[in-house]
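For the protein sequence lines, the chains are A and B, in the order given. First residue of the first sequence: 1, per the working numbering; consecutive thereafter. First residue of the second sequence: 1, per the working numbering; consecutive thereafter.
Everything labelled a hint here was simulated from the structure, so no lab data went into it. Source: prediction; values computed, not measured. The reader is advised that the hints may include incorrect statements.
Each pair may be met inside one copy or between any two copies, as identical chains are not told apart.
Subject to a maximum C-alpha distance of 20 Å in a straight line, what follows is the list of computed EDC-like cross-link-like pairs (lysine to aspartate or glutamate) [said to hold, decoys possible]:
hint	residue 1	residue 2
1	K71	E47
2	K78	D102
3	K78	D50
4	K71	D50
5	K78	E47
2 protein chains.
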Amino acid sequence: MNDFTLHPRLAADTFFVADGPLSRVLLMNDARYAWLVLVPRVPNAIELFDLSAAERGLLTEEVAGAAGTLKHLSGAAKINVGALGNLVPQLHIHIVARSPGDPAWPGPVWGHSAGVPYAPDARDALLAKLINAR
Amino acid sequence: MNDFTLHPRLAADTFFVADGPLSRVLLMNDARYAWLVLVPRVPNAIELFDLSAAERGLLTEEVAGAAGTLKHLSGAAKINVGALGNLVPQLHIHIVARSPGDPAWPGPVWGHSAGVPYAPDARDALLAKLINAR
Numbered sequence: 001m002n003d004f005t006l007h008p009r010l011a012a013d014t015f016f017v018a019d020g021p022l023s024r025v026l027l028m029n030d031a032r033y034a035w036l037v038l039v040p041r042v043p044n045a046i047e048l049f050d051l052s053a054a055e056r057g058l059l060t061e062e063v064a065g066a067a068g069t070l071k072h073l074s075g076a077a078k079i080n081v082g083a084l085g086n087l088v089p090q091l092h093i094h095i096v097a098r099s100p101g102d103p104a105w106p107g108p109v110w111g112h113s114a115g116v117p118y119a120p121d122a123r124d125a126l127l128a129k130l131i132n133a134r
Numbered sequence: 001m002n003d004f005t006l007h008p009r010l011a012a013d014t015f016f017v018a019d020g021p022l023s024r025v026l027l028m029n030d031a032r033y034a035w036l037v038l039v040p041r042v043p044n045a046i047e048l049f050d051l052s053a054a055e056r057g058l059l060t061e062e063v064a065g066a067a068g069t070l071k072h073l074s075g076a077a078k079i080n081v082g083a084l085g086n087l088v089p090q091l092h093i094h095i096v097a098r099s100p101g102d103p104a105w106p107g108p109v110w111g112h113s114a115g116v117p118y119a120p121d122a123r124d125a126l127l128a129k130l131i132n133a134r
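One chain only, chain A, in its complex shape:
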C-alpha cells in the first residue's frame, strides 16, 4: 500500500482494467483505437529515470505484455508505445494498436483529434477480452 493516486485527467479518460505487479492498467475511452495506458503505482514518478531499475524492469515487461495482448486481440499492423506527459505529468505509458486507415495513421494518435467514447456494451466486451487475455 502506498499513497499512489491516479491523476484526475487519466481517471476521467479511461476505464480500469487491472493492477499489474507495478502498474495500473487502463483502457482509453476512445472506441477508434484499442488503446491501453499503464500507470506505475509509484508516487511522484514523472520520468522513466524516477523509477528504480527494478521498477523499470517490471514496467518494461508489463508494456511488452500489453503490446502483445493488443496485437493479438486487434490484429493491428503496429503497436505504438509512448510516454509523453507534456500535459499530464504523472508517468504513464500509452500502448496503442494502429493500422493503415485509422484516423491518425501514419501519424501519432496523441493530440490528433477528440476521442470517440465507447458504447457501454462495446466497452464491456473489450474489457472482458482484455481481462481474460491476461
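Please build the complex by placing chain B on the supplied structure of chain A, with the hints as guidance.
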C-alpha cells in the same frame, strides 16, 4: 557480430553517437529539439515483444540513461519517449527533450513538421557533449 543493418531512412535522418550494450545511439538531425534515437542491434525486431526479456532489460536502461542525459544537458521540462514505427518498421525508440514554446508543444514531435538540419558546428558541439556525458 550479427547481420544488423540500420534502416536507410534512420541512417539518412540521424548522426551516429555511440553503440551501447544493445542499441545504436543516434542524434536526430533536427536542431529544434535535443532528440536521440535508440535502435537495438537485433535483426528483424519490430515490436518490443520481438526482443528477449534480457534485451528489453538492456534497452530500458539505455532509454532511461539517454532520457537522463538529455534532461541534464538540455534542461528540458519533459522527456518524451516513443516507439511508433508506422513508417519505419525497424524497432527504434525516440527520446526527445521538450519544453513549453517548442514548435510542437504540447503535442508530439512525430509528424509535426519538417526538421531543421543542424549547422555542422552546432551538430559537432552537441555530439561531443553527448559522447562526454556517457
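Which hints, by number, does the structure contradict?
Those not satisfied: there are none.
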